[in-house]
Amino acid sequence: THVAGTYDYKTKQAKIFINGDIRNQSIGDGQLSRDWGVRAGIGNHEKNRALRGSIDEFRIYNYALKSDEIKALVSACKANGGDETAAAQSQSPDITADTTLQEQAASRTSEDKPKVIATSTGPANSDSSSKRDEKG
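Here the sequence shown is numbered in this note's numbering, starting from 22 and rising by one per residue.
There's no promise every hint is true.
[Unchecked claim] Distance windows between CB atoms, simulated:
1. Thr22 - Asp89: 18 to 28 Å
2. Gly49 - Val24: 10 to 20 Å
3. Tyr30 - Arg73: 27 to 37 Å
4. Lys33 - Ile81: 17 to 27 Å
5. Thr32 - Arg73: 17 to 27 Å
6. Gly74 - Arg44: 28 to 38 Å
7. Lys33 - Arg73: 28 to 38 Å
8. Gln46 - Ile81: 30 to 40 Å
9. Arg73 - Lys31: 31 to 41 Å
10. Gln34 - Arg80: 11 to 21 Å
11. Gln46 - Ala93: 14 to 24 Å
12. Lys99 - Asp50: 32 to 42 Å
13. Lys31 - Gly74: 29 to 39 Å
Think of the hints as simulated: they come from the structure by calculation, not from any bench. Backbone N, C-alpha and C fix where the C-beta goes; we use that ideal spot for every residue, glycine too.
Using the sequences and the hints given, assemble the complete structure.
Given below as structure tokens:
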């Protein structure tokens with residue numbers, strides 16, 4: 022399943038897409054748990070129910086992706102086979118970032134080109150809390 026969330030700080034519009042289709046949207050301050058009245062996060066759910074599964078890839082962009090861009094990502098994922106077995110074999114996600122989200126938002130102009138500012142080579146499994154502690 023491909024999940025994408027966007028937030029446009031200019032319009033204060035938050036959106037959630039599942040497999041390229043918009044499933045929910047709201048106006049708010051960019052904190053999904055406050056904008057939609059439910060807790061939003063990765064790896065934990067209300068009443069301490071941990072995520073049972075793997076996240077094999079994530080990206081953080083310096084702008085809110087448009088619907089057609091998200092659909093293209095879904096198509097690319099399907100074209101690459103969406104190999105969940107191979108993704109589940111890796112236990113150490115490699116996470117990189119070259120700047121903070123605040124720095125990107127503050128310096129972005131209309132002429133800026135889209136840029137991925139953080140990515141993982143996943144997956145990040147819910148049972149990797151000890152690895153997270155070792156890395157800080």
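Each hint tested on the structure:
1. Thr22 - Asp89: 18 to 28 Å: Distance hint for Thr22, Asp89 holds at roughly 20 Å.
2. Gly49 - Val24: 10 to 20 Å: 19 Å, holds
3. Tyr30 - Arg73: 27 to 37 Å: 33 Å, holds
4. Lys33 - Ile81: 17 to 27 Å: With a Cβ separation near 18 Å, Lys33 and Ile81 satisfy 17 to 27 Å, so the hint holds.
5. Thr32 - Arg73: 17 to 27 Å: 35 Å, violated
6. Gly74 - Arg44: 28 to 38 Å: 18 Å, violated
7. Lys33 - Arg73: 28 to 38 Å: 33 Å, holds
8. Gln46 - Ile81: 30 to 40 Å: The hint (30 to 40 Å, Cβ to Cβ) is violated, given that Gln46 and Ile81 are roughly 19 Å apart.
9. Arg73 - Lys31: 31 to 41 Å: Hint holds: Cβ distance 37 Å, inside 31 to 41 Å.
10. Gln34 - Arg80: 11 to 21 Å: 19 Å, holds
11. Gln46 - Ala93: 14 to 24 Å: Holds, at about 20 Å.
12. Lys99 - Asp50: 32 to 42 Å: Between Lys99 and Asp50, where Cβ atoms are some 34 Å apart, the hint holds.
13. Lys31 - Gly74: 29 to 39 Å: 33 Å, holds
Hints 5, 6, 8, counting from the list given before, are not met by this structure.
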